[in-house]
Amino acid sequence: MKRRTLLAGAAMALGLAAGAAVAQDDKTKVGFIYVGPVGDGGWTYEHDKARQAVEAEYGDKVETVYQESVPEGADAERAITQMALQGADLIFTTSFGFMDPTINVAKKFPDVKFEHATGYKTADNVSVYSARFYEGRAIQGHIAGNMTESNIIGYIGSYPIPEVIRGINSAFIHARKVNPDVQFKIVWAYTWFDPAKEADAARTLIEQGADVILQHTDSTAPLAAAEAAGDVIGFGQASDMAEYKDGPRVSSIIDDWAPYYIERVGAVMDGTWETSNRWDGIGAGMVGIGEITDRVPEDVKAEALAMKEAIAAGEYHPFTGPLNKQDGSQWLAEGEVASDETLLGMNFYVEGIEGDIPE
Amino acid sequence: MDLSAINPVLLIASLMVAATPLLLAAIGELVAERSGVLNLGVEGMMITGAVTGFAIAVETGSPLLGFVGAAAGGAALSFLFVILTQFALANQVASGLALTLFGLGLSALAGQRYVGIKPPPTPDLDIPILSDLPVVGPILFGHDPVLYFGIFLVAGVWALLKFTRAGLILRAVGENHDAAHALGYKVVRIRALAILFGGACAGLGGAYISLVRVPQWTEGMTAGVGWIALALVVFASWKPWRVLLGAYLFGGITVLQLNLQAAGVAIPVEYLAMSPYLITILVLVILSADKSRAPASLGRIFHASQ
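Chains F and U are the protein sequences, given in the same order.
To get our numbering, take the position in the first sequence, counting from 1, and add 2.
To get our numbering, take the position in the second sequence, counting from 1, and add 1.
Accuracy of the hints is not assured; some may be wrong.
[Stated by the list, open to error] Using 20 Å as the maximum straight-line C-alpha spacing, the simulated EDC-like pairs for lysine to aspartate or glutamate come out as follows: (1) U:K119 with F:D233; (2) U:K119 with F:D248; (3) U:K119 with F:E245; (4) F:K327 with F:E356; (5) F:K109 with F:E65; (6) F:K179 with F:D282; (7) F:K63 with F:D28; (8) F:K247 with F:D282; (9) F:K31 with F:E65.
Calculated from the structure, these hints are not laboratory results.
Note that the coordinates shown come from a computational prediction; the quantities given were computed from them, not determined experimentally.
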């Protein structure tokens with residue numbers, strides 16, 4: 003037993019020495035914490051593509067490490083700490099649930115920079131960034147409202163957080179606008195990534211009459227379920243999910259993190275990194291709309307593309323009044339546009355959506 | 002709230018599908034644990050089965066061959082566990098955890114070429130008359146063969162453990178490996194076979210997810226079912242029928258709660274989301290109030306010299 007302790011001690015010392023050695027060389031080390039596997043085909047896949055873009059951009063000057071499938075919650079703190087101990091200069095934590103762990107670890111490592119995706123807590127060494135996915139959701143809602151024949155649209159939510167609720171509201175508003183009879187059936191999966199459960203959720207919604215499936219979970223499983231069911235359409239989420247182009251996928255929302263990651267890593271390299279709060283959308287290229295397939299009628303496609311242009315140019319905001327909250331009280335007056343602050347903390351449904359948001 | 006949107010026939014049919022991967026993995030682990038081996042590598046063996054089954058089904062175009070390959074893949078990975086724990090006498094808990102990590106990594110590597118590919122559909126049984134019966138048809142006679150195989154497997158394991166000499170020997174090895182050894186039974190060989198059986202079942206369960214339930218290949222797609230299977234074996238007091246009950250409860254309530262959510266039932270979603278875990282544990286704990294206990298040699302290392 004003693005010998006084993008000794009060996010473990012030696013191994014740790016070696017590890018520390020190696021860590022110190024890494025920290026000393028002049029490469030900038032960038033760490034990534036992922037909530038799912040890099041092969042999920044959606045959310046994490048896009049973050050990892052951006053990580054590769056960082057490597058391609060800076061070559062030998064940068065070293066990237068990542069850890070995948072890190073659970074949200076207490077264990078995330080361990081994973082982030084470990085990455086900081088390994089000598090990372092900049093760490094991207096890429097899921098909402100990593101928010102508090104990121105802040106906690108950041109306090110312990112004031113010299114390490116942190117970037118947290120989709121959260122709202124910043125610190126001297128913690129920036130937040132997110133994309134205005136709701137802009138893409140508006141286009142999705144427009145297509146969905148036009149295409150549904152049963153007038154039931156199924157929505158697979160992950161967790162009831164502002165980002166997901168924004169997406170539901172945005173899609174609903176624009177589906178209702180073109181189709182006053184449309185109804186949303188919302189199911190919360192309470193997971194970002196569990197293909198079997200996501201497929202179950204999609205199947206359940208289809209069995210209850212939905213012929214359009216919108217998802218806010220990370221894998222392609224709902225599209226596979228939609229394809230198996232036959233006459234059901236869906237959208238790529240976070241990534242293009244082009245492999246389902248010949249089947250149910252009619253368009254997609256693509257997250258393009260590469261320009262932002264390259265910019266921020268560059269800022270760390272030349273010492274200009276500062277805490278920031280970035281929230282970009284279609285206009286800045288952080289949100290992309292994947293090819294709209296021929297299953298969508300020409301006129302609907304044209305309208306969708308026109309909306310995309312208007313949003314990109316800043317002429318149209320998906321949350322423009324008059325809009326009421328679910329209980330009928332007024333939220334936005336005619337022509338009024340939602341403030342970013344309201345959107346970031348959105349915790350209510352708009353008028354017309356049935357059901358309650360889980361607390 | 003609109004309960005009429007829920008079609009009970011479709012609900013029961015899909016809960017059986019949701020329960021099957023869990024059932025297959027748990028029944029395999031049950032046999033391994035009854036022989037005294039605690040294999041925490043279920044998740045790793047499942048995901049390995051999921052990817053080998055998927056790859057073979059895609060390459061050959063035959064889902065049946067896929068499932069056979071998945072069983073072989075799961076068993077092959079569990080053979081590693083046999084070498085580690087039965088010959089090298091390594092700690093079972095550590096080896097099992099290592100097996101899960103290894104399986105997840107290996108499957109991600111092996112599956113890279115199969116992302117976004119559609120597997121050949123697994124045909125449902127189509128028994129003339131019977132499958133067309135209303136209500137009973139879709140519930141009892143409208144599934145794929147693997148689902149029935151899972152149920153037969155439970156019955157088979159139950160009968161084997163309860164009525165046969167082989168089952169008695171397996172249990173003897175699990176209860177007291179020294180006594181079984183003294184009686185002349187090959188403890189290591191019996192345990193090796195039990196582990197391989199467990200691996201094959203877990204592989205089948207994994208392939209059921211990638212070929213039937215989802216159907217596609219995605220990295221890490223088993224997403225923790227293996228761990229639930231492990232817990233299920235304990236809560237089921239190592240009894241086959243209770244494993245079946247537990248798996249159907251868990252799968253059933255998972256699907257039911259999604260249905261209730263979609264129908265807009267006025268139960269807070271948090272309660273619905275935790276209900277599969279809560280109710281399954283509750284029912285099985287109440288059932289295990291009788292004198293059931295773990296196999297006495299569970300997790301202990303055996304060497305003939307001791």
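### Task
Find the hints from earlier in the document that the structure breaks and name them by number, from lowest to highest.
5, 6 and 8
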